[in-house]
Every structure is written in structure tokens, then in C-alpha cells.
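Undergrad: Next come the chains, spelled out residue by residue.
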Amino acid sequence: MTREQRLKKRYASEKRFRFLGIGAIAISIFFVCLLLFKVFSTGSTAFIKTTIMTEVDFNKELLELGDVKNPTLKQIKEAEFFDVTYKAATGLFPYKNDEEEKGVKTLLSGNYETEIKNYLLNNPELLGQKVTIELTASDDLDQLHKGNFPRDIPEDRRRLNNFQLNVYDNLVEQGKIGTAFGNYFFFSGDSRDPEIAGVAGAVIGSFFSIIICLMIAFPIALMAAVYLEEFAPKNTFTDIIEININNLAAVPSIVFGLLGLGMLLSVFGLPRSTSLVGGITLSLMTLPTIIIACRASLKAVPPSIREGALAVGASRVQTVMHHVVPLAMPGTLSGTIIGLAQALGETAPLLLIGMVAFVVDVPSVPTDPSTSLPVQIYLWSESAERGFVEKTSATIMLLIGFLIIMNSLAVWARQKFERKW
Amino acid sequence: MSNKIVAKKVSVFYGPKQALFDVDLNVAEKQVTALIGPSGCGKSTFIRCLNRMNDVIDICKVSGNIEIDGKDIYDKSVDVVQLREKVGMVFQKPNPFPKSIYENISYGPTIHGIAKDKTHMDEIVETSLKKAALWDEVKDRLDQPGTGLSGGQQQRLCIARAISINPEVILMDEPCSALDPIATAKIETLIDDLKSSYTIAIVTHSMAQAARVSQHTGFFHLGKLIEFDFTDKIFKNPENQMTQDYITGRFG
Ligand SMILES: Nc1ncnc2c1ncn2[C@@H]1O[C@H](COP(=O)(O)OP(=O)(O)OP(=O)(O)O)[C@@H](O)[C@H]1O
Ligand SMILES: [Mg+2]
Numbered sequence: 001m002t003r004e005q006r007l008k009k010r011y012a013s014e015k016r017f018r019f020l021g022i023g024a025i026a027i028s029i030f031f032v033c034l035l036l037f038k039v040f041s042t043g044s045t046a047f048i049k050t051t052i053m054t055e056v057d058f059n060k061e062l063l064e065l066g067d068v069k070n071p072t073l074k075q076i077k078e079a080e081f082f083d084v085t086y087k088a089a090t091g092l093f094p095y096k097n098d099e100e101e102k103g104v105k106t107l108l109s110g111n112y113e114t115e116i117k118n119y120l121l122n123n124p125e126l127l128g129q130k131v132t133i134e135l136t137a138s139d140d141l142d143q144l145h146k147g148n149f150p151r152d153i154p155e156d157r158r159r160l161n162n163f164q165l166n167v168y169d170n171l172v173e174q175g176k177i178g179t180a181f182g183n184y185f186f187f188s189g190d191s192r193d194p195e196i197a198g199v200a201g202a203v204i205g206s207f208f209s210i211i212i213c214l215m216i217a218f219p220i221a222l223m224a225a226v227y228l229e230e231f232a233p234k235n236t237f238t239d240i241i242e243i244n245i246n247n248l249a250a251v252p253s254i255v256f257g258l259l260g261l262g263m264l265l266s267v268f269g270l271p272r273s274t275s276l277v278g279g280i281t282l283s284l285m286t287l288p289t290i291i292i293a294c295r296a297s298l299k300a301v302p303p304s305i306r307e308g309a310l311a312v313g314a315s316r317v318q319t320v321m322h323h324v325v326p327l328a329m330p331g332t333l334s335g336t337i338i339g340l341a342q343a344l345g346e347t348a349p350l351l352l353i354g355m356v357a358f359v360v361d362v363p364s365v366p367t368d369p370s371t372s373l374p375v376q377i378y379l380w381s382e383s384a385e386r387g388f389v390e391k392t393s394a395t396i397m398l399l400i401g402f403l404i405i406m407n408s409l410a411v412w413a414r415q416k417f418e419r420k421w
Numbered sequence: 001m002s003n004k005i006v007a008k009k010v011s012v013f014y015g016p017k018q019a020l021f022d023v024d025l026n027v028a029e030k031q032v033t034a035l036i037g038p039s040g041c042g043k044s045t046f047i048r049c050l051n052r053m054n055d056v057i058d059i060c061k062v063s064g065n066i067e068i069d070g071k072d073i074y075d076k077s078v079d080v081v082q083l084r085e086k087v088g089m090v091f092q093k094p095n096p097f098p099k100s101i102y103e104n105i106s107y108g109p110t111i112h113g114i115a116k117d118k119t120h121m122d123e124i125v126e127t128s129l130k131k132a133a134l135w136d137e138v139k140d141r142l143d144q145p146g147t148g149l150s151g152g153q154q155q156r157l158c159i160a161r162a163i164s165i166n167p168e169v170i171l172m173d174e175p176c177s178a179l180d181p182i183a184t185a186k187i188e189t190l191i192d193d194l195k196s197s198y199t200i201a202i203v204t205h206s207m208a209q210a211a212r213v214s215q216h217t218g219f220f221h222l223g224k225l226i227e228f229d230f231t232d233k234i235f236k237n238p239e240n241q242m243t244q245d246y247i248t249g250r251f252g
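Those sequence lines, one after another, are chains A and B. Residue numbers 1 to 421, in our numbering, belong to the letters of the first sequence in order. Residue numbers 1 to 252, in our numbering, belong to the letters of the second sequence in order.
Among these hints, one or two may not hold up.
[To be verified] With a straight-line Cα cutoff of 30 Å, these simulated DSSO-like cross-link-like pairs (lysine-lysine) come out:
(1) Lys-234/A with Lys-17/B
(2) Lys-233/B with Lys-299/A
(3) Lys-93/B with Lys-299/A
(4) Lys-9/B with Lys-234/A
(5) Lys-186/B with Lys-233/B
(6) Lys-76/B with Lys-234/A
(7) Lys-60/A with Lys-130/A
The hints are simulated quantities; they were obtained by calculation from the structure and are not laboratory data.
Chain A on its own, in the form it takes in the complex (with noise of 0.2 Å):
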């Protein structure tokens, strides 16, 4: 072979390579993509919802509070809505009988009668007037405005029937229909009721979850990686132990999930379904993790830092503690972050621990009974209802989101504490 060919065939090769490598990420960058564009698609519509425009007659009378002068908040709290609620929903659209009278008042959420009551309470100088007020539509309605629901098939097989259709329409050129901020999404737990369902009581369950793990899962793990870096001779033992922590890392989380349920649960007798016992659990399972990670940074610090700490005297503690430990911050931070990333994606050990139960209220404690994040997606996702499906995948954005708010917190750590050596 000449030179010439030589070169040429380095040359192809050289082309070949670097084009199976912009191939291989062309195609990751697709799935990605992929699975954005499907996500977000679907799951945008969720933070916004449809409302009705409804006029409510704050009557004293059917308040029943007729005889009341100046009522005070208290008295309007404990006021008979039942009137009221009943004519602003009936008083959307004349209907001729039950079932009509049924189909107009199911075109508002569940959460309608809440809903008057609490703008009464907001507003108590409007007892006494007729005012028109945006309420939350129904799930059904909401889809229908959002154009998720065909209206040309057969009857019987639309959640909405030809009258409601007819409200609908007619609410519409009435410009009674209107659009807002989705609040329930974002401020209220979990709901049979797709349209006043919300991701509130995840956050806060994830966010206890999280910070109970980094409480517990950081400083046993930076104390172990230390440990085991600068102290532990170097035997069979600490071999041992080694193998161990590298096999626990791969064990599944499901695993997890069962010590949770057997140790937490059964044997400390820890409350059900909490983010105390989910974050004990999540820590158990990022435990290795992050001591590879920290074990790793503590091994990057080279050694020569350490000789000059002991050349002048410095005990072993203060060398690891004075010297080492603080270098290997950046990488012991990120990777922790990175454990806590992990942790907050995790759903199976979560399943059986109990957090897969439905909660509507909102966690006030990590001791409160809650869902997190990914579980809530897995529960409103075996659900039917076109609003859950919307909603499922808006959780997953915002999860998606979270995620990339921590990975780069991560990132940002390991470049902003990184010192040069």
C-alpha cells in the first residue's frame, strides 16, 4: 500500500467514525425529542382550565340570613348555600326536566358550591347582589373547549349529551366560556374529580421525601466514603464491604421498598403511607449511591495535599477534615444531588411503603399521609378520564423540570466550588 492510500484509508475511517458517533446521538437527541413533543402536547393544557361565567344571587333570603343585620364572616360561613349554589348552577340554561336540569348543573366542577362560598367570603360586601362570577367548568366541558372531545360521533358514546352540547354552544356565543390560570393543578391535592385534581399534595410529599433523604442519606454516606477512603486499612474486610456497597447500588429499588415496608413499618411501627417513612426508604436506597460518588471525589483529591498536611503536623482527622474533605465538596455535592435526582423519580419502593394511597389533602408534616411526584403519575395514569390523562402528563413535565433544575444544580456546584491544584 502507498502512503497516499494509507492516508486516505485513515482519512475514510476517521469520516466513518465520527459519523456513527453524530448518528448515535442524532438518534438519542430524537427519542428525547420524541418523548418532549408527546409529553408536552398532551400535558400543557393542563395549566390552564376552562371556567363558566355564572351569575349567583347572594339573596339574604336564601341565605337564610334575612334577619341578620351586619352578618359577620362567621355567620356567612355557617350560612344555608344549598339555595343559592343550586339556582347559579340550574340558572346557566332553562331546561324542561330532571335530566336536563342534571346535564346543565354537571356542566360545572365539583367543587362548585366551594367555589361561590368562597368568593362570598372574600367578598361579604357583595351579600345582597347579584354578581357574576367565573366558576370551574366540569372535567367534560373542559375538554370539550380544550377540542380533546370529537362531537361528530354518536350519542351515546359522548360524555356529553346533545342538550349539553347545546348549553355548550349557546354558552359560547353568549361568551359566557372563558379560560384561566389552571390553580387547582398547582394548589390542590388529588381529586376523583379530574378538573379540581392537583399535583400539590405530590410536590410537598416529594419535597419531605427529599429533604428527609438528604438529611439522613449525606452525612452517613460522606462519613462511610471517608471512612472507608482514608481510615479503613486495606483487607479483606474492607474489601468485603467494598463488593457490598457496589452491589447495593445495583440492587433493585423494589428491594428497597421491601426493607421499608419490613423494618419501618412492621418492626419500628412508623406511620403508613408518609414522606418520613418514603424519605427513610429513598435514603436507603441512595445510601450507595453517594458513597461511590463521595468515595470517588475523595480519591480525585491527590495525595500530595495530604502529605503537605501531615508534613506540618496536621493529624489524620484535621488532614481529612482541613484538606480533603473540603477539595472533594464539589464532587460529594453534585453527587449527592445526583443521588437525590434519582431518589425523586423513584416510585417503586414507594408502592409499597404505602404512598401509593389516595390523599387529597395536602401535607402539612412529613408525618401527613402523602403521594410524591412520579407515584402520582403512576396512579393518574392507570385513570381513564381524559383530565387525568392531560394531567399526567403535565406532572411528568413538571417532574422533567425538577429533574433538570437538580441536575444542574449539580453541574453548577461542581463548577462553582471547584478549586484548581
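Start from chain A and add chain B with the ligands according to the hints.
TA: Positioned in the frame of chain A, the structure of chain B with the ligands alone reads:
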């Protein structure tokens, strides 16, 4: 002339491998003792025995007897931290802490509680840097990282760090191997100045350097101390043929 350090029958094993064989060597007080020899002959291993730096290597076992001021430093009652306070060390590769120049010097005095207050600490930092002939170059940027200095400056910073805790002995393992001739000359002058107050043992690959700075020289080969004598004698009139070959560069 008295001997600061007396080593008798020092043998060192790295696991099963023996790196030093019955080395007898004395380091004279307030003088410079140079250790020379081909690569891998155990110079670093020996010098690291003198402040028990080998303790951190798990597989390293030291036998024999090393006395500093008549006290066995491998005795159970000896505290390594106190020993290293007395026997400082400068390494082949400059290894300043990735902290400010000031903190590099103040670290030792801080952990040993030497400085009484901030002004005392400033004083220690200044005198250490002055002794290491670095003060004029860095006095305006004490708060900048020590790792930002040039190689020669870093090495002098490490020397300043070693003398900040006022040791009695300074061990230097090839302190000039990463430096250019000018920086090397500076450090050699420095060693000359330092020997009035410190006992110094230095490992070097440069015959010229050994001849210039030291009063005693030991020649190592394959873990054995082949010859140990006054530097003049070693370089002008060695007893051993191997020493002769090595210093004349005919070794091989
Ligand atoms: N940590 C260690 N583990 C195992 N063997 C070692 C270790 N350090 C040194 N040795 C061995 O001990 C012998 C002496 O090494 P030493 O570092 O003392 O040589 P040296 O004279 O300083 O060489 P150089 O001039 O290249 O620095 C060498 O054979 C080396 O392989
Ligand atoms: Mg060496």
C-alpha cells in the same frame, strides 16, 4: 559536631519487597546532609522514615532504629504529630494547599496553637516568607491562592510552610527537580542560609547541587548505603568504586 539524627540498621519493606537494607546514617546538627543515588535506590524511602511519613502507607514496614536527639522516633510513646512538628518536610513536587498564600503559611501555626494572636500570626507569616526568600515577591498578594504562583515560588512557599512551625530538622526530597536553574540557585542559597538554624537532609539527583550545598553525602544503591562521608571526600576521593562511577557519570 554532634549528630542530630542517628539511624541504625534501618530496613524498610513494601509488602514482601525490601527497599532498604540495614542503613546506618547520621545527620549532623545544623549542617546539610545530601543523599544521592540512582532512581529507585531508596533515598525517598529513607528520608520519609525520618518523619515517619511512611506510616501512611499501609504496606510499609520499618525496622531498625532511628533516634533524633537520642530518642527513638519509632517508640510507641512517640506522638507522630509532635515528631512532624519537629521534623518538617518539603516534597519533590511543590504541593501548596489550594488556599491563599497567607493560609498556606498560617495553617501549621494554627493547628499547633503557636500564634498568640493575629499580629503574632502576621509576624510568623512574614518571617517564614522572608526566610524562604519569597516575601518581596508575594507581600502584596498574600490573599491570592498559593497555587497561582510559579513553580519555583510554590516550592519556596512550601519551604516557608515547613519553617513556619519552627522545626529543628527539614527534610527535602528533590526540592529542585521541577525548577529552572535560576529558581534552583535561589533555593540553594536559601538552603545555605537555613542551615545556620536548621538541620537539613536533602535528596538530590544533581551531583553539582550535592557538592554545592552539603557537608555530608550518602550514596545509595539498590537499597544499600554504599558510602557515607564528608561531601569533599565523596566527590574528590571516594573509597568505593561504585561511588566513583556514579559521581563521574559512568554509572550504568
Ligand atoms: N508506596 C510504595 N509501594 C511499593 N513500593 C514502593 C513504594 N514506594 C517506593 N517503593 C519501592 O521502593 C524502592 C525505593 O523507592 P524510592 O522512592 O525510595 O526511590 P528513590 O531513590 O527515591 O528514587 P527516585 O530518585 O526515582 O525518587 C523502589 O524500588 C520502589 O519501587
Ligand atoms: Mg524519590
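Undergrad: All hints are to be evaluated individually against the structure, with a verdict given for each.
TA: Evaluated hints:
1. Lys-234/A with Lys-17/B: holds, 18 Å
2. Lys-233/B with Lys-299/A: The given pair, whose Cα atoms are some 46 Å apart, is violated under the 30 Å limit.
3. Lys-93/B with Lys-299/A: holds, 19 Å
4. Lys-9/B with Lys-234/A: holds, 28 Å
5. Lys-186/B with Lys-233/B: holds, 26 Å
6. Lys-76/B with Lys-234/A: Between Lys-76/B and Lys-234/A the Cα gap is close to 22 Å, so the pair holds against 30 Å.
7. Lys-60/A with Lys-130/A: Holds - the C-alpha atoms of Lys-130/A and Lys-60/A are around 11 Å apart, at most 30 Å.
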